[in-house]
Each structure stands twice: as structure tokens, then as C-alpha cells.
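S.K.: Generate coordinates for the entire structure from the input sequences, incorporating the hints supplied.
Protein chains: 2
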Amino acid sequence: MPVQISSRVPALRNAATRLRIDSVRSTSEAASGHPTSCCSAADIVAALFFAEMRYDPRDPKNPDNDRFVLSKGHAAPILYAAWAEAGIISRDDILNLRKLDSDLEGHPTPRLPWVDVATGSLGQGICAAVGIALNARRIGSEYRTYALLGDGETAEGSVWEAAHVGAHASLDNLCGITDVNALGQAGPTQWQHDMDAYAARWRAFGWHPIVVDGHDMPAILDALDEARRTKGRPTMILARTMKGKGISFIEGKNGWHGKPLKKGEEMQRALDELEKQFVKEEEPAPAPEPPRSKSRPLPPPAAADKPSYKLGDTIATREAYGDAIAKLGARDSRVVALDADVKNSTFSDKFEQRVGPDRFVQSYIAEQVMIGAAMGLAARGAIPFPSTFAAFLSRAYDFVRMAAISNLNIKMAGSHAGVSIGEDGPSQMALEDLAIMRAQPNIAVLYPCDAVSTERLVDQMALHQGPMYMRTSRPKTPVIYGPDETFEIGGLKVLRESADDTATVIGAGITLFEALKAYDQLKAKGISVRVIDLYSLQPIDAATLVRCAKATKGRMITVEDHYAAGGIGDAVAGAVAPAGFAVQRLAVREIPRSGKPDELVDHYGISARHIVQAVQG
Amino acid sequence: MPVQISSRVPALRNAATRLRIDSVRSTSEAASGHPTSCCSAADIVAALFFAEMRYDPRDPKNPDNDRFVLSKGHAAPILYAAWAEAGIISRDDILNLRKLDSDLEGHPTPRLPWVDVATGSLGQGICAAVGIALNARRIGSEYRTYALLGDGETAEGSVWEAAHVGAHASLDNLCGITDVNALGQAGPTQWQHDMDAYAARWRAFGWHPIVVDGHDMPAILDALDEARRTKGRPTMILARTMKGKGISFIEGKNGWHGKPLKKGEEMQRALDELEKQFVKEEEPAPAPEPPRSKSRPLPPPAAADKPSYKLGDTIATREAYGDAIAKLGARDSRVVALDADVKNSTFSDKFEQRVGPDRFVQSYIAEQVMIGAAMGLAARGAIPFPSTFAAFLSRAYDFVRMAAISNLNIKMAGSHAGVSIGEDGPSQMALEDLAIMRAQPNIAVLYPCDAVSTERLVDQMALHQGPMYMRTSRPKTPVIYGPDETFEIGGLKVLRESADDTATVIGAGITLFEALKAYDQLKAKGISVRVIDLYSLQPIDAATLVRCAKATKGRMITVEDHYAAGGIGDAVAGAVAPAGFAVQRLAVREIPRSGKPDELVDHYGISARHIVQAVQG
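Chains as they are written, first to last, in this note's numbering: chain S, 288 to 904; chain D, 288 to 904.
Rather than coming from a laboratory, the hints here were simulated on the basis of the structure.
Be careful, since some hints might not be right.
With a straight-line cut-off of 25 Å between C-alpha atoms, the simulated DSS-like cross-links for lysine-lysine are [what the hints assert, rightly or not]:
| no. | chain 1 | residue 1 | chain 2 | residue 2 |
| --- | --- | --- | --- | --- |
| 1 | S | 386 | D | 763 |
| 2 | S | 549 | D | 549 |
| 3 | S | 883 | D | 763 |
Pairwise CB distance ranges (calculated) [claimed, not checked]:
| no. | chain 1 | residue 1 | chain 2 | residue 2 | range |
| --- | --- | --- | --- | --- | --- |
| 4 | D | 812 | S | 552 | 29 to 37 Å |
| 5 | D | 877 | S | 427 | 53 to 61 Å |
| 6 | S | 645 | D | 350 | 51 to 59 Å |
| 7 | D | 592 | S | 550 | 39 to 47 Å |
| 8 | D | 424 | S | 542 | 23 to 31 Å |
The C-beta atom is built at its ideal place from N, Cα and C for all residues, glycine as well.
M.R.: What follows is the structure in C-alpha cells.
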């Protein structure tokens, strides 16, 4: 092997030089981008793509291909250059960098078949890589996962969440490489070229650190070989590099972050210097070797059976969620559950108990890597269900944002929504989760009120592609739907309806029951209202809402255990606005306090009493 | 000193026992809460409050009091018990724990004068403590800052962000204590009682780690003494403890997280055991010593002068923001700017250059600690302006949520909003920032379109109490307001108005200029529209919007460089809904791509052309 490697070195050096040249050319043509961040990584990328990684360049979807995640997403041009070098795209294509009609965007996205997750928000790629490495175990594949980080991005806490989960799961199929070029955007990075400081951190977090000169090709190849032979823990290769390496007048200089070379004389001067760096033994980059294994075939998913709840049973939707994912996981090997140390509150422990620990990922109290790992799993064909308290999904919101940009098949669930959790107080109450999830245009947002709709909607989440969110509640609620009732993403249920309805009352989750109570109280007074269970906020059944608005003289009243902005009220208002209708909203309008659930629901204006007042008002 | 300390030990042990007793009593009375998480920390809390910390128990607002942050917020009952022991609240009060009419909530909030920041979302308190420690330097005080963490919460990446900033800033006035009780909510913590693993991590991050038995009072006192004498870096005391310490039948047992002892026999059995632990030398807890210094008086803020921009100058609002905070910082010593390695893009580097490095905090690429430190600074009288790309504030959204719960005086700014940033692509575009900020009912949300309104609104942010957010833009825009124009939080400007207006067009930021272009194009066709600059989305001037809606036959058209949910459209719709008006919205409705700014603004349907179509529609 060493002989074989050393014979490849001249060709790999030349490949690295071509990657630098193409990174300069594409960014100069685009007049924006990050050539210097590409140049520091060129030798590493050449070693990975043309010596270390095993993949079929004609088959991006091969499940056994080694995977590469560009955690330092701003170095996208060198990734595109590597694909050109591998014959995956044409060398001319890279000059379309950053154009509206090209998929070669400023930062990589999964519009490109070789990209698993969108990067460009730093510190996320390594979390996704953890999920991709975990997926290899799920499908029984020997593929390896490589993630290239910038040194600056290791200031992100999420990197250390990935470190702790990667070590805890003993992911020796995972290899990170930190391109320590010592320069951030605005100046030197915190630890600059203090390689010992980096090594100490990774070692303390249970990884195998290897320090190398990131421009010494044999040393890089040796480090990758050592990583591959390291068992029981992941490896982090810490590569000392120079930003802008290979171009004398920008190499190691501050003030060149995110700055292309000006087309013309400046660019040409750089290209002339780089051309001179080709070593004599000119030859093409070695072709990658094929995948090292064939993953085992997995059983096809079995069909869902009916919910077994009886009308009138009382069970919290969070518990029904736990039961539902356990049933789903038992019949579909793609399903993986992820927890951040609240499995006995979200009831995802039911999944762990029934399906077993192999497809249950425990991130401990680290929500960012929980969502990040789910993104990586989803990218490789798993159907991940990460769950925690809905309030704490806000901790991972930048990951949610990037999952939406990636359009990944990730199924998030948040429990303990709203003031109805009671005594724990506002820090534990999600009152903005619907708003932040709905803010992403492609995230489906579901909010079941009972156990049957919860189970049916969990099944729907697994059936349909794309990012989704389910909100569950802490209090027990009665089962109101029979076992044959069906639910769809984008649907709603009109539960009370008559020709005399004077208003349409729209609730979901626990407020649906407040609406039903209000219905009874109003009925007793001879007032008829329509009641809707809006279990799908996004997409939303605008046609039915408009029909009800018309039928009830334009009177629409929403009631939600959520702040006023961005939740049910805004979702309904947005849906009926084109028909000219406005919406009256009952919602939580201030920071709440601790108290008993019923007391808080009433105190913050979202109980049956307030609905009755609003209808009569 | 050692003699003095050892003489206090029996009294401190008794204080710890009383803290345990009161934690059991209050949680049993509330029938919810976390007595076991209190019991593990009782000796540490007793040592801190009655031997180590220097403060005036009658004066919570004394700027020189040592500070305590309960990062493991679920141990709130022991904090309240410590206050009772110190005579700050009455011992009877603690039995009101978690009641709606009591400020003794399930997790501490700053409704209580001794609490700086709300905790309960784990891993945040230590970030706030960094800010509180930084504040001591700002005001020239020798107060020390202590933060009590749980072991489980150190899985949160934000803890390691705090670690790196604390070490980089050489905060030897900061002392963390980790209560390593080895049990999380759902089971054992990741590293359980592997004290070396903890110590290696903190050492690698540049802290001084001290491992102690967390139930050995002299050892705790020695560790705190060692921390106080450690110069040049912060200390982390790693205290090996037992969850439920002191109560034999729950001590160290899994399954007792967040579970009170049942009132009656079970509680009494625990209390009987605890009562027996009083040492013979019964005496009251030592009174705390007074603050060790008096901070220096700071100069009062000078008055703002007028903006110096001229009508028609073109300058990006992000750059005007940098100029504005620099001017503000120069005249008000309370103002601190914080950056996450993008100061040359947000232009907060102007503050650093003008005001100097003392009030400029560099967190590197770590947005959570940037916001967390700002929270701590705000809690101690500073006016912090943390800024980054608006997209990356989503990384710290759980901190934003807790800042809102804390109602802190934190002034956030996000640049590079919307598709108008162009080529960098969706990962760098904030298209949900207005939604996530508006979701919090007490965050003011500002969005200026030109340099004058930016500067005026920055001044307003500093003048008014409470959490606020300003969105700035990347492209240059012309100055449209004269230097005498005034702006207020909750205001708007009607820029075009006539008796013949057929619609009200509402924009902000870069879309305001699209609205003005559309106005001109429509005018040329003989169509008159009203144009509003909605520079304050929250609070919002509902009265003027309703007046305009009435004047323009109910035709309201919003246009925003933001996704459709939660932004300008929803803000306006919510404001005019009570008057019965609906709103037509132009917004970005899909995940965008890289491209040129103008091209993207048009492609995603928010350019003048689309406004003209909507008006004529």
C-alpha cells in the first residue's frame, strides 16, 4: 500500500493544482466566492477524492459510496472542481458558478446529486456526517464518511455536540478533517495555528486526533490511512494549511476571505503561478476505487394497521406519538428515532423498547446534533424521527432552516407545547414552535388533538417525502376519532356544522376541546357555531376554510395554545385572505408564568369561556 | 483563612441540610419539581451563598454583589431555599412554589430581583455568566460570577462556546461549578462519574479544572478558594455528587428525576432522615460578607446628534448600522457590541475601531454564546448590541426565546436579510428572521430602509427598555429621509398619499424602494397608490394602517424580502383584522437559489413589476 500511495503522489499533486486553478477560475468568473478557502483545502480534497474515497462516479445514489460532507460550505468551488476532475460534471460547467440557472450555487445544496445536506451555516456538516456514519450501520454498509471542516467553524458548539455523539457511538467509520488555515472572515481564528490546542480538544472528546501538514500529500495519505485503521472511535485529522496556498501574493494574508481574484491581470497572475506548480510526471488523477461493500437488502415496509384506541379513551398525544413511532418502526426498517434525554417525556422510549437500541440514537442534551444527525440519516434513505420538548427544537432552529433548504425527509416532533404544560413555566413551554416551523415554506406542520389522529398522521409523515413537524401536547385528551377515520397532510376536519352557524371556530390540539366545550355552551344558549379541527397548518385546506367563512358570514375565530404571531391564526388568515376574509384570534399574548394547566389556559385567554365571549362579542 | 473556614463548616453543613429540607417541602407541596437535583447541589449552594459569595442580601441591585447563575434551572427550589436561609424571602413563601400568583416559578426568571437571566433551557446560564463576568470589567468592579451547571447540560454545545469565550477573555472572575450527579432525566448521563473525562475537556478548553467531592464541605470551600486565587483563566469546579443526596431511598437512584416526594408519609420519611443529619454544633448560616469593591462611576450618556447623511446618498443599512452603533457607543458607556466573526460584513467593526476593544466582544463563529453573553451583560446594566448575519441568529434562537422570557434589554441586529443578498445563496439569506423575532410577543422588530432611519432607530433601541431586533440589508439604498426626520418604535411613515389612492402598498427595507418604483410606474398610468414604510413591525401602528385600509377601499398589499409566513404580511394582517380587512401578500414562497440580487428580487415575485401587477390585478 505505501508503495502504491507514493506512486500516486505526483498525480495527486497535479490534481490539487488543477483544483486550485478551477477554484480561481470559477470564482473570478462569478466575481464572488471564496478561492482562498478552496486553495487551503486543495491537497486534502485531492487526496480524498482521488486516493482515499471509494465511490462510483457514475452513480451518485449508490448506497455504498463513501460520503463526503463539505462542512465548510463556502469552499463549494473546490467541491465542484473535484467533480469536474472526476468526470462527474464538465470542466466548463464550473464557470456557471453562482448563476441563477445553475445548480452550482454559492454553497452546496442537495439539488446536486452528490450533496447530502446543504452547508454554508458553519458547524453543521459534521453533525450531518455523524448521521451519515450512523446510517452505514443501519444498512450494513462499510462505506466511510468524511467531513471537511474549517478551523473557524470549530468555535460552533454544535461541532462539540457532534464530537460527543460520534465518540459515544464509537463511529470509527467517520473521519473529520479540519483545514486549519488560521484565518477566519474578519481576522485570525481564535487558536490560529496552535495545532496542540486543537488536538487536545478532540482527544478530550474521545476522538483520535492526527496533526499533519495539510500541504504534504504523503502525510495526508498516511493520516487517512491511519484513520481508516483506527478502531472504536472517530478520527479528526488536523491539517495545518495556508489560506490561499499556491498563490504567493495572497497566501496566508488577512483580508482575502471571500474575495475572488479580479478577472484579467490579477487572475492571470495567480493562474500563471499555479500552472508552474504542476510536477513533471504529468498524468490524470487516479480513478476512484469502487465501493468496498454491498449493503444488505432490507425488508420492505409492512402496511400500517388501524389504531387500536377506543372512542373516549384519554391519552396524551405525546404518548400516542410514542406508540405510533414504535409501531411504525417495527414495520419499517428505514425509521430511526432520535432523542435528547427526554425520551420518557416525549415517549420516544416506546420506540427504543420495541424496536431496540440499534435504530434509536441518544444525543443526550444536545438538540443541534440530534437534528443534524437526523439530516444525515435522511439524506441516506432513513426516515428519522427526532423528538424533544417543542421548546427545545428552537435550540436547533438553524439546523431546521438548513434541513428545509436541503428539503430533507426529516420528521420532527415536539412535545409539551403551550401553557397547558402547567407548572414548569415558560422556559419549558413551546409558544412559538408553530411560527418557526411554518416560517419555512416546505415544512409540513401537523398538530393532532387525539391519539387516533396522532397515529394516522405519524403514518402519513413516513409515507410522504419532505421535512415535517408534529406538535404534541402534555395533557391527556379524549379519543374523538374512530379507528377508520383517515387524515391527510393538508387536511382538516369539520366537527360541528349546521346551516345556522354564526361563526367558524378553529382550534387544534388542546384548544380543539375548548372549542367543543364552547360549542356545547353556545348550543345551550341557542347559538350555533361551526367547529374545525385544523390538524394540518401547513399545507392548509384553504378551500374548506373559505367555504366555512362564506357559510358563517365571514366570522372566523381561531384559538391556539401558542403566541399570536405565526400560529393557527396567521395560518388561517393567510389562507382566507385571498377571498377577502379576516380572522379574529385568541392566543397567548404575553410571556406566561407557572401555574396549573387549566388555570393557565383560562388565564391566558384561550379557554372555552373566551371562545364563547368571542362568538357572542 | 483556613481556620476561619473550618470553623464555619458545621454551620454550612446545617445550612445545606436546611436547603435539602426546604427543597423537599416546597416540591412536595407543589406536587411537582426536582427535589433530587436540588439535593445533589445542596452542599455547593450552601458553600456559595454562606461562605464564598460576597453580597448585600438587602440590596439585590447592588452592582458590586457577587452574581450567581443557576444554569441548571430546574433546581430552582434550592435557590429559593437559599434566599430563605439568607433572609431574602420568608421561609413560608417557598411553599408557594409554582403557583400562578407567586414569582417562585418552576424555573427562575428575572421577575425575581436576584435572578439575572431566566434559566431552564440547559446550557444557557454559563453563557450568560460569561456576559456577567465581562460586565464586571466594563464597570470596574471586583464582583465574581458563579454558575452552577448540571453534568447532563454540558452535552449542550453552547457550554463549549462559553468555555472558549471565557478562556479567550481570560475571565478569572468567573467560576463554574458542575454538579456531576451522573443522572440525567431519562437515565445515566453520558460520562456519568468519569471525573477525568470532564476535567480533560475543561482543561483542553483553557479552563482551570478542580475535581472535588461535592458533599465534602471543606473540599468545596478549598476549591472555591483555589478558584479565587487562579489568575488568567476561569475555573470549573467538577463536583462529584449523588442525585437525591441525603435521602437514602432515592439517593443515586434512576427514575427520580423531576419527581417530588409524595406529601404525607413519603415526604415525612425523607424529612425525618434529613433532620437527623444536623450536626450538633447548631448555629445559623454565616451571614454573607459585603461586596468586595465599589465600582467606578461611569459618565452619563451624551445626547445624540443628527444623522449626517444627505438625501440621495447611497449606503447599505448594514453599514449605517455600524456607523450608528459606533456613534452611540462613543457617547454611552453602557453600550457594548458583540460579533461572531462577521464584523466586516455587519460593519460592527466600526464600533470596535471607534470605541475600542474593551467594549467589543468577539465570540468567533459561536452565535449562542454571543447572544448568551449579551443577555448577561444586559442583566447587569449594559446595553448590548450583538450582531451577525440575520440567518445565523437562528442558530441562537433558543437564547432569543429565553431573552424574551427574561425581558432583557438586548438589542440584536441581523444583516444580509433576504434574497437581495444575491450569489451566496439560501444558506446565507435570512428569510424567516422577522417571523421568529415577531413570534416573541415582547421583542420589538425594526426594519429600516435607509441610513437616516437606521441611525435614528438604533438610538431609539438604546433609549427604550426591552428586547429588540433590527434587520438590515446588504444592498446599498438611497437616503430618503432628511436629518430632522424622527422615528419611533411602533411607528411607520406614509410616503405617498392622495385622496385617489386605490390601494395601500406596504414595504420595508429593500422592498420599500420597489414600492416607490411601482408607485412611479402606476402614476404614469394614472393610477394612484398609497405607499407605507413599515419600519416597525412590532409594535405596529395599527390605527394608521386601518385608516389607510379604509381610505383605499380595503386594498392592502404587502411586499417583503422574506418568506410568506410571519413577516410583514402577517404583521399587517394581524393589525387590520379587527377592523375586518384582509391583506394581499407578495413574499418569497419557495427555497431560493444563488443569483444576482436584482434578478432574485424579480424572480421570487417581490419586485416593482409584481407590485404593479398586484395593484392592477
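S.K.: Give a verdict on every hint.
M.R.: Hints, one by one, checked against the model:
1. Distance hint between residue 386 of chain S and residue 763 of chain D is fulfilled; the C-alpha atoms sit about 21 Å from each other, no more than 25 Å.
2. In summary, the hint linking residue 549 of chain S to residue 549 of chain D is not supported, as the alpha carbons are separated by about 74 Å, beyond the 25 Å threshold.
3. Straight-line distance between C-alpha atoms of residue 883 of chain S and residue 763 of chain D comes to about 52 Å, which puts the hinted pair past the 25 Å bound.
4. Checking the proposed 29 to 37 Å range against residue 812 of chain D and residue 552 of chain S shows it is violated: the Cβ atoms sit about 48 Å from each other.
5. A C-beta distance of roughly 37 Å is found between residue 877 of chain D and residue 427 of chain S, which places it outside the suggested range of 53 to 61 Å.
6. In this structure, residue 645 of chain S and residue 350 of chain D meet the distance hint of 51 to 59 Å, their C-beta atoms being roughly 55 Å apart.
7. For residue 592 of chain D and residue 550 of chain S, the hinted distance range of 39 to 47 Å is satisfied, since their beta carbons lie about 43 Å from each other.
8. For residue 424 of chain D and residue 542 of chain S, the Cβ-Cβ distance of about 29 Å falls inside the hinted range of 23 to 31 Å, so the restraint holds.
In this structure, the earlier hints numbered 2, 3, 4, 5 are contradicted, and the remaining ones agree with it.
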